[in-house]
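There are 2 protein chains.
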Amino acid sequence: MSQFTFAIHATDGLARTGAITTARGEIRTPAFMPIGTAATVKAMLPESVHETGADIVLGNTYHLMLRPGPERVAKLGGLHKFMNWPHPILTDSGGFQVMSLAQLRKIDEEGVSFQSHLDGAEYRLTPERSMEIQALLGSDIHMVLDECTPFPSGERDTASSMELSMRWAQRSKAAFREAPGRALFGIVQGGIYPELRARSAETLKAIGFHGYAVGGLAVGEGQARMFDVLDATLPHLPADRPRYLMGVGKPDDLIGAVMRGIDMFDCVLPTRSGRNGQAFTRRGPVNLRNARHAEDPRPLDEICRCRCCRGYSRAYLHHLVKAEEILASMLLTWHNLTYYQDLMQGLRDAIGEGRTNVFAKETLVRYVAGDIA
Amino acid sequence: MSQFTFAIHATDGLARTGAITTARGEIRTPAFMPIGTAATVKAMLPESVHETGADIVLGNTYHLMLRPGPERVAKLGGLHKFMNWPHPILTDSGGFQVMSLAQLRKIDEEGVSFQSHLDGAEYRLTPERSMEIQALLGSDIHMVLDECTPFPSGERDTASSMELSMRWAQRSKAAFREAPGRALFGIVQGGIYPELRARSAETLKAIGFHGYAVGGLAVGEGQARMFDVLDATLPHLPADRPRYLMGVGKPDDLIGAVMRGIDMFDCVLPTRSGRNGQAFTRRGPVNLRNARHAEDPRPLDEICRCRCCRGYSRAYLHHLVKAEEILASMLLTWHNLTYYQDLMQGLRDAIGEGRTNVFAKETLVRYVAGDIA
Chain A
1 MSQFTFAIHA
11 TDGLARTGAI
21 TTARGEIRTP
31 AFMPIGTAAT
41 VKAMLPESVH
51 ETGADIVLGN
61 TYHLMLRPGP
71 ERVAKLGGLH
81 KFMNWPHPIL
91 TDSGGFQVMS
101 LAQLRKIDEE
111 GVSFQSHLDG
121 AEYRLTPERS
131 MEIQALLGSD
141 IHMVLDECTP
151 FPSGERDTAS
161 SMELSMRWAQ
171 RSKAAFREAP
181 GRALFGIVQG
191 GIYPELRARS
201 AETLKAIGFH
211 GYAVGGLAVG
221 EGQARMFDVL
231 DATLPHLPAD
241 RPRYLMGVGK
251 PDDLIGAVMR
261 GIDMFDCVLP
271 TRSGRNGQAF
281 TRRGPVNLRN
291 ARHAEDPRPL
301 DEICRCRCCR
311 GYSRAYLHHL
321 VKAEEILASM
331 LLTWHNLTYY
341 QDLMQGLRDA
351 IGEGRTNVFA
361 KETLVRYVAG
371 DIA
Chain B
1 MSQFTFAIHA
11 TDGLARTGAI
21 TTARGEIRTP
31 AFMPIGTAAT
41 VKAMLPESVH
51 ETGADIVLGN
61 TYHLMLRPGP
71 ERVAKLGGLH
81 KFMNWPHPIL
91 TDSGGFQVMS
101 LAQLRKIDEE
111 GVSFQSHLDG
121 AEYRLTPERS
131 MEIQALLGSD
141 IHMVLDECTP
151 FPSGERDTAS
161 SMELSMRWAQ
171 RSKAAFREAP
181 GRALFGIVQG
191 GIYPELRARS
201 AETLKAIGFH
211 GYAVGGLAVG
221 EGQARMFDVL
231 DATLPHLPAD
241 RPRYLMGVGK
251 PDDLIGAVMR
261 GIDMFDCVLP
271 TRSGRNGQAF
281 TRRGPVNLRN
291 ARHAEDPRPL
301 DEICRCRCCR
311 GYSRAYLHHL
321 VKAEEILASM
331 LLTWHNLTYY
341 QDLMQGLRDA
351 IGEGRTNVFA
361 KETLVRYVAG
371 DIA
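Protein chains in written order, with the numbering used here: chain A, 1 to 373; chain B, 1 to 373.
Read the hints as simulated data drawn from the structure, not as lab findings.
These figures come from a predicted structure and were not determined experimentally.
Incorrect hints may appear among the rest.
Using 25 Å as the maximum straight-line C-alpha spacing, the simulated DSS-like pairs for lysine-lysine come out as follows [as the list claims (entries may be wrong)]:
(1) A:Lys322 <-> B:Lys205
(2) B:Lys361 <-> A:Lys75
(3) B:Lys322 <-> A:Lys81
(4) B:Lys173 <-> B:Lys106
(5) A:Lys250 <-> A:Lys173
(6) B:Lys75 <-> B:Lys250
(7) A:Lys173 <-> A:Lys106
(8) A:Lys205 <-> A:Lys250
(9) B:Lys173 <-> B:Lys205
(10) A:Lys322 <-> B:Lys75
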């Protein structure tokens, strides 16, 4: 099996393009990871996810620990086999969903106790258990357990939360189950405070990880502050390791973050929006529920290569959305994931050719020019 | 364009195998038609429906007249283009759903008035309007408007209902918009009364149709009575025209009906059951919700060729069903439609080889032997 490596093939300003190698294949960067929460990218066959251009998907430790349970997944041969996705998988640590979904959560120095949002059953998550779960799932990239600091939080609360996360990062590293080609990423916390972010990044660098994520963003702070945090954080991370901006984001967020040196993203937007009748297109977001699409024979995007745009009119998509047909979720998710992957491919090409600024400007101008013609 | 034709390639007892030719391609018989109610076979891409082996799908006139409306579909190039299904389509007349779904329906000699179950809007359906709608949709096989007699009904009520349907059949024929390769099928009514069924069949034969359906069955009368009705009806229909048993049925219903001379079927069972976590298999129905599948690494059916059985364990399907994931509906619908198509292929082969009885016996024994091993 291959070792976990990250090769930068080209840079353009702060942006980089390259490839991460894992035991289960290569991830072209900058990369967008579709969300496969409960061992499925919702409304998509895994081969269709791959057809959109995705090299890696994300699995949610919180959801999988509740159902079907990591021991069961391990018994069945691991998450890749379980969900029929032979390519790389990144699992988060479970921390973020514990904070956002679980009930009656109680954090202490050792970890977090909570009740399942599904049936109220009690669970305990610690850095050690998170490492154990991710090893049972068998993912290729593991994430350290962290506390996702609420937004807004004052500097003192943010600092002590970040410091707890750093102690958990240290324990996660100690508990990480090594395997050929498997990686562990640290997660920078520190809210909107540049000094805390810098301190968090330096702490993680000293511990030493295969890659570094920036967590706790896209929680309401706004794009400008998010970019400020990236500007303050990334110089403190080793340039030769992948950098992953967690839970982000809109197309313009991705472009801005790539131009600041981010290599990896995950976000529910393309999949969740697809299930809500929202499409991302080169000319901005489109709400298929809108009556103006009812008799429009054109595809969502004439030049898009996806299954949705190659076979169906906006009128048909409008009909499916109105009728709440499953096929609406299937086609719009397919399109949105293709849009995101094509955006990443566009960024990779532009970085390789030293025209990232031009690509970004053209893409953003077209995107904000308004709804699709 | 081809003319509408029906060629019988082989018979075995009363069973026949052959092919219907329409302007949009051939339909191998006996044929099972998946239901594409609202211009989509739920949870399936049309190319996947075709991959299961389906030559034709059924569209529901009632649903399509309400939403998106037949004039709109016509404007957009017809139902085939709208739903990206270039193969044959049969549309029903709308009559059955008016009786089962619509509100405040009032039948008179001319037709039926009702309110939409979606928004209460008022509609009027007559034999002439049904023919107009089906022509606007552009389907390959049109059905006459009939009154679906409630079950149970006394002989006198059933007779007058059947007679109304016969008058509507005559008007449907007169209003049918001819087109190359397009067919109009009559529908035999008469409830569970052999004499009424025979009279209805003879009446339709005298009017003259491209094919003949048996309607008003699988409404609670039970399989034995249904078969009795077929036995009493089919001898009165021309042997050289396709015979279609509407809304049927379970695998054993299909086998028994084919052995009595039926050529075509439609039913929501494989698709609806798939969305409810129910699978049809060679060894009988399987409820994936059942906890005994939770750690079962085997596919639903080891020898099934479908995408579901080739990539996923029963444990995974159980997980998806429990988590109410869209992929559960997608995979189980795919499997169920494949099961139904393979059953029809098995019947076609068996008829061609003169071993229909053996095939039927083996299939039924295995099917009723109990839940899958």
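Results for each hint:
1. Between the alpha carbons of Lys322 of chain A and Lys205 of chain B the distance comes to roughly 41 Å, so the proposed pair goes past 25 Å and is violated.
2. Of the pairs offered as hints, the one joining Lys361 of chain B and Lys75 of chain A is violated, with about 39 Å between alpha carbons and a cut-off of 25 Å exceeded.
3. As the CA atoms of Lys322 of chain B and Lys81 of chain A are separated by approximately 19 Å, the hinted pair is consistent with the 25 Å bound.
4. Between the alpha carbons of Lys173 of chain B and Lys106 of chain B the distance comes to roughly 23 Å, so the proposed pair stays at or under 25 Å and holds.
5. This hinted pair does not check out: Lys250 of chain A and Lys173 of chain A have alpha carbons roughly 31 Å apart, beyond 25 Å.
6. For the given pair, Lys75 of chain B sits about 37 Å from Lys250 of chain B by alpha-carbon distance, which is inconsistent with the 25 Å threshold.
7. Distance check on the hinted pair: Lys173 of chain A and Lys106 of chain A sit about 23 Å apart at the alpha-carbon level, within 25 Å; holds.
8. Restraint check for Lys205 of chain A and Lys250 of chain A: not satisfied, since their Cα atoms lie roughly 28 Å apart, outside the 25 Å limit.
9. Among the hinted pairs, Lys173 of chain B with Lys205 of chain B is consistent with the structure: their alpha-carbon atoms are about 12 Å apart, no more than 25 Å.
10. At roughly 19 Å between alpha-carbon atoms, Lys322 of chain A and Lys75 of chain B fall within 25 Å of each other, so this suggested pair holds.
In this structure, the earlier hints numbered 1, 2, 5, 6 and 8 are contradicted, and the remaining ones agree with it.
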